[in-house]
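Given only the sequences and the hints, what does the whole structure look like? Please build it.
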Amino acid sequence: MSGFLNGLLRLRRGPWEMLASILIGLGIFMLMQPFFLWAFTWSFIVTLTGTVMFLIVSHFPE
Amino acid sequence: MSDTALDRVARATPPRVARRIRGFSDRAIAWIFVAPTIVLLLAINIFPLIWTIYLSFTNYRANRPNAVVEWVGFRNYQRILGDPEIWQTMQATAHFLFWTLFFQVLFGFALAWLINAKFRGSNLWTTIIVLPMMLSPAVVGNFWTFLYQPQIGIFNYAVAFVTGADPSSFSMIGDVRLAPWSIVIVDTWMWTPFVMLICLAGLRSIPESIYEAAECDRASKWRQFWTITVPMVLPFLMLAVLFRGIENFKMFDLVVQLTGGGPGSTTELTSINLKREAFEKWRTGYASAYAVILFVTVFGLASIYVKALNTVKNR
Numbered sequence: 001m002s003g004f005l006n007g008l009l010r011l012r013r014g015p016w017e018m019l020a021s022i023l024i025g026l027g028i029f030m031l032m033q034p035f036f037l038w039a040f041t042w043s044f045i046v047t048l049t050g051t052v053m054f055l056i057v058s059h060f061p062e
Numbered sequence: 001m002s003d004t005a006l007d008r009v010a011r012a013t014p015p016r017v018a019r020r021i022r023g024f025s026d027r028a029i030a031w032i033f034v035a036p037t038i039v040l041l042l043a044i045n046i047f048p049l050i051w052t053i054y055l056s057f058t059n060y061r062a063n064r065p066n067a068v069v070e071w072v073g074f075r076n077y078q079r080i081l082g083d084p085e086i087w088q089t090m091q092a093t094a095h096f097l098f099w100t101l102f103f104q105v106l107f108g109f110a111l112a113w114l115i116n117a118k119f120r121g122s123n124l125w126t127t128i129i130v131l132p133m134m135l136s137p138a139v140v141g142n143f144w145t146f147l148y149q150p151q152i153g154i155f156n157y158a159v160a161f162v163t164g165a166d167p168s169s170f171s172m173i174g175d176v177r178l179a180p181w182s183i184v185i186v187d188t189w190m191w192t193p194f195v196m197l198i199c200l201a202g203l204r205s206i207p208e209s210i211y212e213a214a215e216c217d218r219a220s221k222w223r224q225f226w227t228i229t230v231p232m233v234l235p236f237l238m239l240a241v242l243f244r245g246i247e248n249f250k251m252f253d254l255v256v257q258l259t260g261g262g263p264g265s266t267t268e269l270t271s272i273n274l275k276r277e278a279f280e281k282w283r284t285g286y287a288s289a290y291a292v293i294l295f296v297t298v299f300g301l302a303s304i305y306v307k308a309l310n311t312v313k314n315r
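Just so you know, the sequences run in chain order A and B.
In terms of my numbering, the first sequence is residues 1 to 62.
In terms of my numbering, the second sequence is residues 1 to 315.
Among the clues, some could well be false.
Okay, the calculated beta carbon distance ranges per label pair [as the list claims (entries may be wrong)]:
(1) B:R19 to A:T49: 50 to 60 Å
(2) B:V34 to A:H59: 15 to 25 Å
(3) B:A18 to A:L8: 52 to 62 Å
(4) B:I154 to A:E62: 49 to 59 Å
(5) A:T49 to B:Q224: 39 to 49 Å
(6) A:F35 to B:F33: 51 to 61 Å
(7) B:P132 to A:I56: 41 to 51 Å
(8) B:A110 to A:G14: 54 to 64 Å
Source of the hints: derived by calculation from the structure; they are not laboratory data.
Given the structure is predicted, the values throughout are model-derived calculations rather than measurements.
Beta carbons: idealized from backbone N, C-alpha and C, even for Gly.
Structure follows, in C-alpha cells:
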C-alpha cells in the first residue's frame, strides 16, 4: 500500500494507471447497474475522468 | 551486374520526375506517402468525431437543416443521464454483453479443445462449426424468428422434446422474461465459432515440447491444463473477448431483425435506442450526446483491456 502511495506521489505510471482503470471500471459498473438511478447519472463523469486520466498517465515514466 | 527491383523502378521513372524527387529529403518523401492516409483518417474519423462532440452541445435536428441551432450546454447530457428508459436500455445491453461473452468463451474454448484433439474428420467439423459466422446477421435474425415460432418453430419443439412442455405454451420472442435470452442464444450460436477459431490458433501455437517436459515431470493432465494450456491461450482468449465485447456493445442488425427491441423495450439495446433517437425522432444533438457517452465507455473499456492484455503477454 505504501509503495502504491509513493508511486502516486512520485507520479509513476503503474499506480496512476491502476487508479484510472479503477475509475473506468467503476464508471462502467455505475452505467450498467440496475440498483440506483443516481449512480447511472454520475457514471459518465466517473468514466470520462478515468479515461482522460488514463490517456495522461500512460505518458508518465515507469 | 545484378538487376534489382529498385534499379528497374529507377530506370522506369521519367527523368523529369526523378530530378524533382531527388531534391526531396527522405522525410519529405515519407510524408508524401503517408499524407493520403492521414487526410482520409482526418476526413472519415477525426472530423466526424469532433463534429459529433460539437453537435452534442446543441439542439440541432438533421430533418430541419434551416432551423436556428442553439447552444444548450450540458442539457442533452443531463437529460440522457437522468432518463430511466435509457438506464433500462443500458441494463439490457449489460445483460446481453455479459451472457454472450460468458457463453461464447465457454463453448468457444471447449470446441477448440475438442477440435485440437485431431480426430478423424476434424477439419470437416471445423468447417461445419464455422458456417454460422459466415452468414449475414440480418439473415440469421430472420430465420431464427421462424425457429422461435411457437406453432411451427423447431426450437420450441426441441425444448418441448427435452422438457416435456407443450411447444406452443411459450414464445421466446414474445415473452418478456425469455426475449433477452433469445437474443443471447442467437448471438452465441452465431459467434462462438469466432472465439473457437482464435482459441484454436492459441492452442496450436503451444509447442509440444512443453507438454513433453511436463510429462517427464509427471504433471497430471489437469495440472498441464491449468499451468500450460490456460496461461498460453489466455492472451488469445482476451483478444477474442475484446473483439466480441466491442462488437456486442454496438450490436444492432441481428437484434433488430429478431425482436425489433421488443416486447416493449426489453431487448432494446443502446444502439437500437440511439438509432431511434437519431433517425426516427430526429433529435440529432441529443443522439450525438448519447453517442459520445457510448464512445467514452467503449474507449475506456478498451484502454484498460489493452493494458491487461499487454500485462498477460509480457508475463
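Structure-based check of all given hints:
{"no.": "1", "hint": "B:R19 to A:T49: 50 to 60 Å", "result": "56 Å, holds"}
{"no.": "2", "hint": "B:V34 to A:H59: 15 to 25 Å", "result": "23 Å, holds"}
{"no.": "3", "hint": "B:A18 to A:L8: 52 to 62 Å", "result": "58 Å, holds"}
{"no.": "4", "hint": "B:I154 to A:E62: 49 to 59 Å", "result": "57 Å, holds"}
{"no.": "5", "hint": "A:T49 to B:Q224: 39 to 49 Å", "result": "44 Å, holds"}
{"no.": "6", "hint": "A:F35 to B:F33: 51 to 61 Å", "result": "54 Å, holds"}
{"no.": "7", "hint": "B:P132 to A:I56: 41 to 51 Å", "result": "43 Å, holds"}
{"no.": "8", "hint": "B:A110 to A:G14: 54 to 64 Å", "result": "36 Å, violated"}
Hint 8 from the list above is the single one not met by this structure.
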